[in-house]
Amino acid sequence: MKILLVCASGMSTGLLVNKMRKEGEKRNILNLNIFACSVDEIEKYISHYDVVLVAPQIRYKEKYIYALASSKDKGYAFIDGVHYGRVDGNKILDQAFGLMRT
Amino acid sequence: MDKEQIVFTIILHAGNARSYCFEALALARGGKHTEASARLDQAAQELKKAHSMQFDLLQAEANGEKQEMSLLLIHAQDHLMNASLAKDLIKELISMVHDKQLSSVGMNIIESGQ
Numbered sequence: 001m002k003i004l005l006v007c008a009s010g011m012s013t014g015l016l017v018n019k020m021r022k023e024g025e026k027r028n029i030l031n032l033n034i035f036a037c038s039v040d041e042i043e044k045y046i047s048h049y050d051v052v053l054v055a056p057q058i059r060y061k062e063k064y065i066y067a068l069a070s071s072k073d074k075g076y077a078f079i080d081g082v083h084y085g086r087v088d089g090n091k092i093l094d095q096a097f098g099l100m101r102t
Numbered sequence: 001m002d003k004e005q006i007v008f009t010i011i012l013h014a015g016n017a018r019s020y021c022f023e024a025l026a027l028a029r030g031g032k033h034t035e036a037s038a039r040l041d042q043a044a045q046e047l048k049k050a051h052s053m054q055f056d057l058l059q060a061e062a063n064g065e066k067q068e069m070s071l072l073l074i075h076a077q078d079h080l081m082n083a084s085l086a087k088d089l090i091k092e093l094i095s096m097v098h099d100k101q102l103s104s105v106g107m108n109i110i111e112s113g114q
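From first to last, the protein sequence lines stand for chains A and B. The first sequence stops at residue 102 when you use our numbering, and every number in between is there. The second sequence stops at residue 114 when you use our numbering, and every number in between is there.
In isolation and in its complexed conformation, chain A is listed as follows:
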């Protein structure tokens, strides 16, 4: 499973990547590929990933992200604000898997 995390500069989500990888290891999930990029780079990376999770602080770019994700047929969601604030890799990984099933 390939997850693309997107935020304003790829910095805060860069930290989330590590948390989520650790959770993935704990759950023995193989082939988990997580990457963080800035919203300006999303067009370059989106095709290579299964789902897109967007940090809540760039909600004002929703129209753009929605249009891009739909055109590439990728599931996307904004990371839950509470989970983001708590830097909760576990819950955010759940959210990514939720997108996968739909």
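Keep in mind the hints are simulated off the structure, nothing from the lab. Do not rely on the hints blindly, as some may be mistaken.
As the list claims (entries may be wrong) - Taking beta-carbon pairs under 7 Å as the criterion, some of the chain A residues facing chain B (in silico): (1) Met11; (2) Gln57; (3) Arg59; (4) Tyr60; (5) Gly81; (6) Gly85; (7) Val87.
Everything numeric in this text was worked out from a predicted model, so none of it was measured. Glycine is no exception: its CB is placed at the ideal position from the N, C-alpha and C atoms.
Assemble the complex: chain A is given as a structure, and chain B must be docked to it using the hints.
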């Protein structure tokens, strides 16, 4: 709340504030000024939350509690500053949009009267 969570929460609230500001501007451009001003109020609330967390950090430092500087904390400050500026500028922009809309309504009345 550990330092990391504080940083993420500052980013979260600052980002929310910025989002509300841009929503307010879009609403104002559509002539929906009541909704726009409600969004600006929400933005102010979110900024207040982010500011109060930053204030706690500053105060702790002033009390001799050495803060560990990280790039991530500076990044949170970046978000906060951006949001703060967005709010002030967008407030001005909205009043400009409002004035322009009022004056074009005035022009229409004058034209239809002739």
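Verification of the supplied hints:
| no. | hint | result |
| --- | --- | --- |
| 1 | Met11 | 5 Å, holds |
| 2 | Gln57 | 2 Å, holds |
| 3 | Arg59 | 4 Å, holds |
| 4 | Tyr60 | 4 Å, holds |
| 5 | Gly81 | 6 Å, holds |
| 6 | Gly85 | 4 Å, holds |
| 7 | Val87 | 5 Å, holds |
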